[in-house]
Each structure stands twice: as structure tokens, then as C-alpha cells.
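Asks: Sequence:
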Amino acid sequence: MGIDAIEEFRKSHGINTKGNLAGILQLNRAFSKDTLPINPDDYLTGKEGQVKGLSGANCQSILEEYHIKRVLASEGGRTSRGLMGIMKDYAALINEERPSSKDFSEIERFLD
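The sequence shown begins at 1 in UniProt numbering and counts up one residue at a time.
None of these hints come from the bench; they were simulated from the model. These figures come from a predicted structure and were not determined experimentally. Glycine included, C-beta positions come from ideal geometry on N, C-alpha and C. Treat the hints with caution; some may be incorrect.
[Stated by the list, open to error] Mimicking DMTMM-like on lysine to aspartate or glutamate, the simulated pairs with C-alpha atoms at most 25 Å apart in a straight line are:
# : residue 1 : residue 2
1 : K88       : D4
2 : K52       : E96
3 : K18       : E65
4 : K52       : D42
5 : K69       : E48
6 : K47       : E108
[To be verified] What follows is a list of derived Cβ distance ranges for each label pair:
#  : residue 1 : residue 2 : range
7  : H67       : K47       : 24 to 32 Å
8  : L44       : H67       : 27 to 35 Å
9  : G46       : H67       : 31 to 39 Å
10 : G82       : A5        : 26 to 34 Å
11 : I3        : K33       : 18 to 26 Å
Please construct the entire structure, taking both the sequences and the accompanying hints into account.
Replies: This is the structure we're talking about:
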């Protein structure tokens with residue numbers, strides 16, 4: 001899977017705000033640990049109003065692995081409008097492209 005597909009996805013879905021960037025960073029990490037194909041329903045909260053597993057603390061723990069100490073988004077994208085649709089579309093992209101674990105790591109570095 002090439003970074004070009006991720007860059008196109010980022011542009012087409014407006015992933016240029018702190019909340020959306022924090023959200024997609026965490027989704028990429030979560031999807032990398034899941035079994036393909038990704039089922040987007042597994043990432044919905046009980047009331048299906050937010051994406052499960054997103055938090056400021058989770059986002060910061062990923063960033064700290066890259067020695068980044070600045071806070072990206074205090075809520076970690078959890079409350080970002082539109083992230084539900086982004087999550088579903090990103091799951092579809094991942095299912096189509098079927099990235100390897102190495103690809104997921106490259107995507108994460110690209111997003112940071």
C-alpha cells in the first residue's frame with residue numbers, strides 16, 4: 001500500500017484539523033492490530049454516536065513513541081464532527097488495500 005493512497009484519502013476527507021488527525025492516527029493504530037477485513041461496526045460506541053477507543057491519552061501515547069510531547073488534541077478526536085464517516089471510509093480503504101504491518105507503520109509515521 002502506497003502513501004499516495006493515504007495522502008489522497010487525507011485530502012479528500014479533510015483530515016487537516018487536529019481532531020481529525022488525532023482520530024485517524026488512533027484508528028490506524030487500532031486497525032493495524034485488528035484482523036482484516038475491518039468491521040467498522042466494531043468501532044462504534046454503544047450508542048453509536050462516537051468512535052470507540054479514541055481519547056486524548058491514547059493519542060498522546062502514540063505520539064510519545066515518536067518523542068512528540070505536544071498535545072495534538074485534548075479529546076483525541078473523540079468528539080470531532082465527521083469522524084464517524086471518516087472511520088467507515090478508512091476501514092473501506094484498509095479493506096481494499098490490505099496493508100501489511102510494515103505499511104501500517106509507514107502510514108503512522110506519515111500521519112505524525
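Asks: Indicate, hint by hint, whether the structure satisfies it.
Replies: How the hints compare with the structure:
1. K88 x D4: 19 Å, holds
2. K52 x E96: Holds, at roughly 22 Å.
3. K18 x E65: Cα-Cα ~18 Å, so holds.
4. K52 x D42: 8 Å, holds
5. K69 x E48: Between K69 and E48 the Cα gap is close to 31 Å, so the pair fails against 25 Å, i.e. violated.
6. K47 x E108: 29 Å, violated
7. H67 x K47: 24 to 32 Å: At 36 Å between Cβs, range violated.
8. L44 x H67: 27 to 35 Å: Once the Cβ atoms are compared, 33 Å apart, the range 27 to 35 Å for H67 and L44 holds.
9. G46 x H67: 31 to 39 Å: Roughly 35 Å apart at Cβ, these two residues keep to the hinted range, so it holds.
10. G82 x A5: 26 to 34 Å: Given about 20 Å between the Cβ atoms, the range is violated.
11. I3 x K33: 18 to 26 Å: 20 Å, holds
Of the numbered hints stated above, those contradicted by the structure are hints 5, 6, 7, 10, listed in ascending order.
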